[in-house]
Structures are given as structure tokens and as C-alpha cells.
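As a plain string of letters, each chain reads:
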Amino acid sequence: MDELINKLKKEVITQLNLEDISVDDINPDAPLFGEGLGLDSIDALELIVLLEKNYGIKIEDPKDGKKIFYSIRTMAEYITEHQKKA
Amino acid sequence: MEKLITAYTYIGEGKVVVNKRLIFYQEKIATFAEFIKALYKQEQISYSKFYKMDPLSKLGFMSAELLLRHENSGRFKPGSLAVVLANSSSSLESDLSHQASIRNRSAYFPSPSVFVYTLANIVIGEICIRHSLKGENAFLISEKFNPMQLQNHVSELLDNNRAEACICGWVEILGNTFRAMVSLVEKENADVLKTGFSALPFTEASLNELMNLTETKIWTN
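Listed in order, the protein sequences are those of chains A and B.
According to this note's numbering, the first sequence is numbered sequentially starting from 17.
According to this note's numbering, the second sequence is numbered sequentially starting from 138.
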């Protein structure tokens, strides 16, 4: 899980152009939106693309997004769970 | 009513000139991204959304930032500062990035953050958000720099009291070729800026002069 979390942090930094933020700056349990990294709605769409592009995971129900993208850890858990099913 | 250019920013050929003063110079520019990031860092601007902007918005944002940084924001009534910008390549730089992401049907991953910049006037939106501007705005596309078009459009806004002042200029980028000249145009009776820059008459000749700063070399270090 830790390995995936670190990989995800790097991917999120690259995908969202978080230029002044390093892997160590991201708390895996901190909310990605609002406080935390202060991401916006376009970033949310980018995270959906990231899941599909890098992990082949399509989010069928947009309502699930809030839970999946709560934090880096919830993203990692969703990926792990989804890859087990596949 | 006579109108004056009371401040300007010029970015081109590795130089950044603000009100006759050369504030930044890079002799060799590897990429626009590196150039504009170095300028952003030097000027110690803190605006995390900057890194998410497309090249056109970064260029326009920095031009306006340097133009307005000494400005007293309370000087203009809410909604009275207009923005009129122009270029020749529109948003082609982002259009090409978007097109590259959808070219291959088997790797079809359009980026939402690129797509939102596939309109030239988004740069105006970024400037307005940053400086809380709610006045009139327009983005004009012309093959070449057209000072008469800019002058006519801005004059119409000021003469008809649709704006008290206007951020007006040229913001052009395609690949690593870029140039921006953004000026603040005000009615003659407006308060004088304390930038130490002597105002120019708002004429085609002045706009041409500012667009060709590197030829006329009217700046000091």
C-alpha cells in the first residue's frame, strides 16, 4: 500500500502541475479538496482521467468520486480493491 | 477626451521591461516554460494556480501582474477597469496540446485542464480573477499587431463611459516564440500613477513604440 501511495503522490503532482509541492508535503490522509491541497473541479476531472489512463479504472457513478478522491489513501484503497476484482 | 498610457509591461526577446525599466533578462531562452517560471520566481509571486495555466494565460497573467503590482486597487470603481487583449495565434498553443491528446483513438485521454484553455479569452478570465476585475472585456484576433483596432475598441469603451480605464495590449505565444505588451490606458483626468513613468498619449504610434521596445531600446537597467 505504501508503495502505491508514493506512486500516486508522484502521479498526482505531475498530472495536476503541483509545481511547488513535493511527495513529502502530501499527507496521504489529508483531504485533497477544500483544505489540504486545495484542488478544484478541473483537478477532480484530471484525477478521473489519471485513474483511467494509469490504472485502467473507469468510474461509472460520478457520485462515488467524492469518496474515492477524498485523499491519496482512499484513492490507493480503491485502486487496490478494483485491481483485486479485475 | 484625451487618453493616456500610464503604465506598461513588455515581455519579449528574453527581456521584461516595466515602465521603461528592465527588470528581467535571459540571454538564452531554452523554453517559454522555463523563462516564465524564472520570472515568476524572481518576482516572488505567490499564486498556486499559476502553474496550472496554459502558456498564453501565464504570459498574460505575468504581464498584468507586473503592470498592476504598484497600482492602488481602490483607485478604480468596481467594474470600471476593462480588459482588451489581442493576438494572432488565439489559443492555438493549447489547441495543439488538446489535439495531440485525442489524436490516437487507442490512447484517447483528453486532459480537462488543457481543454479549458482552448479559448483565447480565458487569459482575460485569469487576470480578472486575480485582480477582482468585473469590467468590460474582449479578446481580439488579428493576423498582425493592429494598434488601430485596439485603439478604436478601447476608445469606444472609455469615450462612452463603459470603463474608466483599460488594460490593453498584445499577448502572443506559439511554441517558444512569444511577445506581450500590456498597457494601462486611462482618461487624461485620471489620477497619476506613482510609478515614475511619464505617461504616453494613447495613440497608434505609442502602441507601436511599446511593441518594438527592443528596437528602440527605451529602457534603463
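Some clues are possibly wrong.
Stated by the list, open to error - Below 30 Å or equal to it, Euclidean Cα-Cα: the simulated DSSO-like pairs (lysine-lysine) are:
1. B:281 to B:214
2. B:324 to B:157
3. A:23 to B:174
4. A:82 to B:186
5. A:74 to A:26
6. B:324 to A:23
7. B:186 to A:23
8. B:186 to B:165
9. A:69 to A:100
10. A:83 to A:69
11. A:26 to B:186
12. A:26 to B:174
13. A:74 to A:23
14. B:324 to B:152
15. B:186 to B:214
16. A:82 to A:69
17. B:165 to A:74
18. B:157 to A:83
19. A:26 to A:100
20. B:186 to B:174
21. B:157 to A:69
22. B:186 to A:69
23. B:157 to A:26
24. B:324 to B:165
25. A:79 to B:186
26. B:281 to B:324
27. B:186 to B:157
28. B:152 to B:174
Since the hints were made in silico from the structure, they are not lab data.
Hint check results:
1. Taken as a hint, the residue 281 (chain B) and residue 214 (chain B) pair is broken in the structure, with Cα atoms around 33 Å apart against an allowance of 30 Å.
2. Restraint check for residue 324 (chain B) and residue 157 (chain B): the C-alpha separation of about 21 Å stays at or below 30 Å, so the hint holds.
3. The suggested pairing of residue 23 (chain A) with residue 174 (chain B) holds, with an alpha-carbon distance near 26 Å, which does not exceed 30 Å.
4. At roughly 22 Å between alpha-carbon atoms, residue 82 (chain A) and residue 186 (chain B) fall within 30 Å of each other, so this suggested pair holds.
5. Proximity of residue 74 (chain A) to residue 26 (chain A) is assessed by CA-CA distance (about 20 Å); at most 30 Å being required, the pair is judged to hold.
6. Restraint check: the Cα-Cα separation between residue 324 (chain B) and residue 23 (chain A) comes to about 56 Å, which exceeds 30 Å; the hinted pair is violated.
7. A hinted pair counts as satisfied when its Cα atoms are at most 30 Å apart, and residue 186 (chain B) with residue 23 (chain A) qualifies at roughly 23 Å.
8. Between the alpha carbons of residue 186 (chain B) and residue 165 (chain B) the distance comes to roughly 27 Å, so the proposed pair stays at or under 30 Å and holds.
9. Note on residue 69 (chain A) and residue 100 (chain A): the hinted pairing holds, with a Cα-Cα distance of about 18 Å set against a maximum of 30 Å.
10. Between the alpha carbons of residue 83 (chain A) and residue 69 (chain A) the distance comes to roughly 20 Å, so the proposed pair stays at or under 30 Å and holds.
11. This hinted pair checks out: residue 26 (chain A) and residue 186 (chain B) have alpha carbons roughly 18 Å apart, not beyond 30 Å.
12. For a cut-off of 30 Å, the pair hint linking residue 26 (chain A) to residue 174 (chain B) stands: about 20 Å separates their Cα positions.
13. Between the alpha carbons of residue 74 (chain A) and residue 23 (chain A) the distance comes to roughly 19 Å, so the proposed pair stays at or under 30 Å and holds.
14. A C-alpha spacing of about 29 Å is found between residue 324 (chain B) and residue 152 (chain B), which places the hinted pair at or below 30 Å, so the restraint holds.
15. Restraint check for residue 186 (chain B) and residue 214 (chain B): satisfied, since their Cα atoms lie roughly 26 Å apart, inside the 30 Å limit.
16. With a C-alpha separation of about 19 Å, the suggested pair residue 82 (chain A) and residue 69 (chain A) falls inside the 30 Å cut-off, and the hint holds.
17. Our distance criterion of 30 Å between C-alpha atoms is broken by residue 165 (chain B) and residue 74 (chain A), whose separation comes to about 44 Å.
18. For the proposed pair residue 157 (chain B) and residue 83 (chain A), the alpha carbon gap of about 53 Å is over 30 Å, so the pair is violated.
19. Between residue 26 (chain A) and residue 100 (chain A) the alpha-carbon distance is near 23 Å, which keeps this suggested pair within the 30 Å criterion.
20. For the suggested pair residue 186 (chain B) and residue 174 (chain B), the alpha carbons sit about 13 Å apart, so the restraint of at most 30 Å is met.
21. Pair hint residue 157 (chain B) plus residue 69 (chain A) does not hold up; C-alpha atoms about 48 Å apart against a cutoff of 30 Å.
22. Taking the CA atoms of residue 186 (chain B) and residue 69 (chain A), the gap is about 24 Å. The hint holds against a cut of 30 Å.
23. Distance hint between residue 157 (chain B) and residue 26 (chain A) is unfulfilled; the C-alpha atoms sit about 42 Å from each other, more than 30 Å.
24. In summary, the hint linking residue 324 (chain B) to residue 165 (chain B) is not supported, as the alpha carbons are separated by about 39 Å, beyond the 30 Å threshold.
25. For the hint pairing residue 79 (chain A) with residue 186 (chain B), the CA-to-CA distance comes to about 26 Å; that is within 30 Å, so the pair holds.
26. Our distance criterion of 30 Å between C-alpha atoms is met by residue 281 (chain B) and residue 324 (chain B), whose separation comes to about 27 Å.
27. The straight-line distance between the Cα atoms of residue 186 (chain B) and residue 157 (chain B) is roughly 29 Å, inside the 30 Å bound, and the hint therefore holds.
28. Among the hinted pairs, residue 152 (chain B) with residue 174 (chain B) is consistent with the structure: their alpha-carbon atoms are about 14 Å apart, no more than 30 Å.
Of the numbered hints given earlier, the model fails hints 1, 6, 17, 18, 21, 23 and 24; all others are met.
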